[in-house]
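Enquirer: Residues per chain, in single letters:
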Amino acid sequence: MQATNILILILGLGVLAFFLGRGRSLALAKPLGGIRKLHSLPSYYGMHVALWCALPSLFLLCMWMLFDDPLINRLVLDSVAAEIAPKDTASYNLLINKISNLADGILPRKGESAALIAAADHLVSLRVISRWSLTALLLTLSSLGLLWGWSRISASFRARPVVEKVMQNILLGCACLAIFTTLGIVLSVLFESIQFFRSVPIFDFVFGLEWSPQTAIREDQVGSSGSFGAVPLFVGTLLVSAVAMVVAVPVGLMSAIYLAEYASRSVRTYAKPALEILAGIPTVVYGFFAALTVAPFLRDLGASFGLSVSSESALAAGGVMGVMIIPFISSLADDVITAVPQSMRDGSLAMGATKSETVRRVIIPAALPGIVGGVMLAISRAIGETMIVVMAAGMAAKLTANPLESVTTVTVQIVTLLTGDQEFDSPKTLAAFALGLMLFTVTLLLNIFALHIVKKYREQYD
Amino acid sequence: MTESANHLEKIKKSLSRRNRAEKRFRWYGRTAILIGLAAVLILFTDIVSKGHGAFRIAYIELEVTYDQDRIGVDNLTDPEELTRGNWEALSKTAMRTEFPEVSGRSDKRRLYGLISSGAGFDLKDRLLENPLLLGETERVWILADDDIDTYYKSWLDGEPYAARMSAKQLEWIDELHQQGKIRLQFNSNLFTRGDSREPEQAGIRGAVMGSLFTLILTLVLSFPIGVSAAIYLEEFAPRNRWTDFIEVNINNLAAVPSIIFGLLGLAIFINFFHVPRSVPIVGGLVLTLMTLPTIIITSRAAIKSVPPSIREAALGMGASKYQTVLHHVLPLSLPGMLTGAIIGMAQALGESAPLLMIGMVAFIVDIPGGFSDPATVLPVQIFLWADSPERAFIEKTSAAIMILLSFLIVMNTVAVWLRKRLERRW
Chain A
1 MQATNILILI LGLGVLAFFL GRGRSLALAK PLGGIRKLHS LPSYYGMHVA LWCALPSLFL
61 LCMWMLFDDP LINRLVLDSV AAEIAPKDTA SYNLLINKIS NLADGILPRK GESAALIAAA
121 DHLVSLRVIS RWSLTALLLT LSSLGLLWGW SRISASFRAR PVVEKVMQNI LLGCACLAIF
181 TTLGIVLSVL FESIQFFRSV PIFDFVFGLE WSPQTAIRED QVGSSGSFGA VPLFVGTLLV
241 SAVAMVVAVP VGLMSAIYLA EYASRSVRTY AKPALEILAG IPTVVYGFFA ALTVAPFLRD
301 LGASFGLSVS SESALAAGGV MGVMIIPFIS SLADDVITAV PQSMRDGSLA MGATKSETVR
361 RVIIPAALPG IVGGVMLAIS RAIGETMIVV MAAGMAAKLT ANPLESVTTV TVQIVTLLTG
421 DQEFDSPKTL AAFALGLMLF TVTLLLNIFA LHIVKKYREQ YD
Chain B
1 MTESANHLEK IKKSLSRRNR AEKRFRWYGR TAILIGLAAV LILFTDIVSK GHGAFRIAYI
61 ELEVTYDQDR IGVDNLTDPE ELTRGNWEAL SKTAMRTEFP EVSGRSDKRR LYGLISSGAG
121 FDLKDRLLEN PLLLGETERV WILADDDIDT YYKSWLDGEP YAARMSAKQL EWIDELHQQG
181 KIRLQFNSNL FTRGDSREPE QAGIRGAVMG SLFTLILTLV LSFPIGVSAA IYLEEFAPRN
241 RWTDFIEVNI NNLAAVPSII FGLLGLAIFI NFFHVPRSVP IVGGLVLTLM TLPTIIITSR
301 AAIKSVPPSI REAALGMGAS KYQTVLHHVL PLSLPGMLTG AIIGMAQALG ESAPLLMIGM
361 VAFIVDIPGG FSDPATVLPV QIFLWADSPE RAFIEKTSAA IMILLSFLIV MNTVAVWLRK
421 RLERRW
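Going line by line, the protein sequences match chains A and B. For the first sequence, position 310 (counting from the first letter as 1) is numbered 310 according to the numbering used here, and the numbering increases by one without interruption. For the second sequence, position 77 (counting from the first letter as 1) is numbered 77 according to the numbering used here, and the numbering increases by one without interruption.
FYI, nobody ran anything at the bench for these hints, they're computed from the structure. Please note that the accuracy of each hint is not assured.
Claimed, not checked - Partner residues are not named here, just some residues of chain B that face chain A (Cβ under 10 Å, in silico): (1) 47; (2) 61; (3) 158; (4) 274.
To be verified - Taking CB as the label site, the calculated pair distances span: (5) B:41 with A:344: 52 to 58 Å; (6) A:306 with B:179: 46 to 52 Å; (7) A:115 with B:387: 40 to 46 Å.
Positions of the beta carbon are idealized from the N, C-alpha and C atoms, including for glycine.
The whole structure should be built from the sequences, with the hints applied where relevant.
Expert: Okay, here's the thing in structure tokens:
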């Protein structure tokens, strides 16, 4: 909460600076004959001072927050007595945690060694120093900025271009956040994956047929082969996505065609939003529905036909996922179908074709690239969908193409590998990042390709 | 016969087949729409039929004596003494007075099983509210155990589900029912309490507060940043490779699976910047990155819909480019941007996969009071409850889903209303 208070303080100073700057510009303008003699409007002079006051301090605050903790920890550990000094990273983290818990009073001090208590006290004092020096520094910096900005104000000072330049850079920074996010994703999954591929060869991972990510703690442990062959996961993911597509593509496409070509205006106004409801339902709700309603229903249905359907079958998860994707496909298809020029329909109808023949022979071929692009986007969504499969698909990796059996998917494994209590750099958690890398690469390629097709197609008729 | 007559004959023959095909095609379309609508209907009916029961819960009326000696507390203001007090003795004694004939260890255990294991603490809270009750006797409605609740509701509906009950317990409940000492009341615990391992004690307050804090942070961060980015891209960006690159990135981020954002949050925020796990801060940051593309894309559409004549008029009057945008374009496109923001927030409210990665899936009893308290969010709470083995949690989960869906419906309705009401057409 310390940071929040400082933040409020800086922003308050900024507001003060704004009014001071504005006031000074007004005072300067008065003897000259009103604000028309100023280069910019008074509020720009105010903004100029406020920016000088707040921006450097905010920057310093961010930097301080980033490097404060590691630096203090380093200092504390350099000063601890040799007998408790850490030997490797794991014990380093443990010790840091312990000292900081002691310092915060979460752990009782009774019974701890004198060296630890000394370190905790050292930590507390360093934190206090850091906090006060930060506050003092920020206040000085803000005041200096305020004074500097304030002193620069004169009737001929070009405040507006300066302020606008700064604003434009801030806007650019916001737009660039998208690039940083992508970069962050790539770096975070890539680094961990490289670390993973050091212990498990990449070839074994991509082409291995067996997935059992338990690494052995003891040599003779049962069922802890620790094999990281991801093919069963890929097959499982494809199976579930294929089931989803079998449900979603025909239903989504046909409803889009019907709504675009046949339905009366009133049907369209009600049916379309009703279908869109499916897109707004959270995936966790679909997961609950799949696991508790659809899966038991399919199992009982299968049993009445003498089929053994697993209660975590790919059919249940995929089917419900397909329902979720229906509105996605139908709205994308609707876009491309309505984008087909009316003249093409008229031409076909004038030649004596029926409406369905027009749709099948003229509109669908014309809209095909867009539809294919939409379906590819839908596939990428199905591959990346998490909650439905986590709740309704299985955990055990099985290499099968039978939708009645239980399979597991890439996303299920990422969740199970990362939600347990695991050390961060064990192969088990790193495997999750390697799977994440695969998932990201595949969906990225699908998306780029699909967006490219859709864009090309749009240009064709624009 | 001429060739054209021949053709005519052929066409006439095929006409009925073609008309049939036309009709069939039309029916395919209708069926597709019906399947979609049926899915909506089945989903909602299923959830409501499973969850409506959770809004009421069984209570048992007992005579409770706040006996000082039994609890072992003299001074109600001493917190240490309060924690040492034997509060369960209150509810247990009350049960024994209600059924004095019960004896034997296992029978007694079954008898105590009728009421919630947290009942003693509820009585403690009641006593602390009215300290005058100490030493007194009163009749109190006490929360029943979840198995009893499930059984009693199913029994009232005419299809008793007694899988986890013993014959004795069934008898006792029958007796209580005949005396009117068991009844269903509005389940206020559902709205006022945090999570619990006991279904009858569990509530969604903690998750709702967690969702609220996470969403506030998401909105505060993603709306200004998203709008700024949209303004830059629409109004100021030069047409060059860098701008194209930004656009490609935004479009791709919109389609990246949400779980990848969870991996990003885990690797960058938690492992690199050491933001604590499970707190709304890190959840809000991850959801911000996730909703940004949505907000940017809708905001750009809103800015695009402002006609160029407005900009030209402002520029013509001598406004700078910034004044044009700030004073004219932005206010006119604000309704569209708000609509986009609400839709983005609705998405973020329903999202759970990335939050599983960053530890918001922990079992947290306390109701979070700020951005840095460990918390969970509503969809993750649903996920956790759906995973719990107790049968009573199915009902709770469905009720939580109903609440989540009603939040989403409200948000989307507001968005639609805003669009209809405030958006201007030129």
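Enquirer: If a hint holds in the structure, say so; if it doesn't, say that too.
Expert: Results of checking the hints against the structure:
1. 47: OK, holds: residue 47 (chain B) within 10 Å of chain A, min 7 Å.
2. 61: violated, 33 Å
3. 158: violated, 22 Å
4. 274: holds, 6 Å
5. B:41 with A:344: 52 to 58 Å: For residue 41 (chain B) and residue 344 (chain A) the Cβ distance comes to about 36 Å; the hint is violated.
6. A:306 with B:179: 46 to 52 Å: holds, 50 Å
7. A:115 with B:387: 40 to 46 Å: Roughly 44 Å apart at Cβ, these two residues keep to the hinted range, so it holds.
Consistency with the previously given hints fails for numbers 2, 3 and 5, ordered from lowest to highest.
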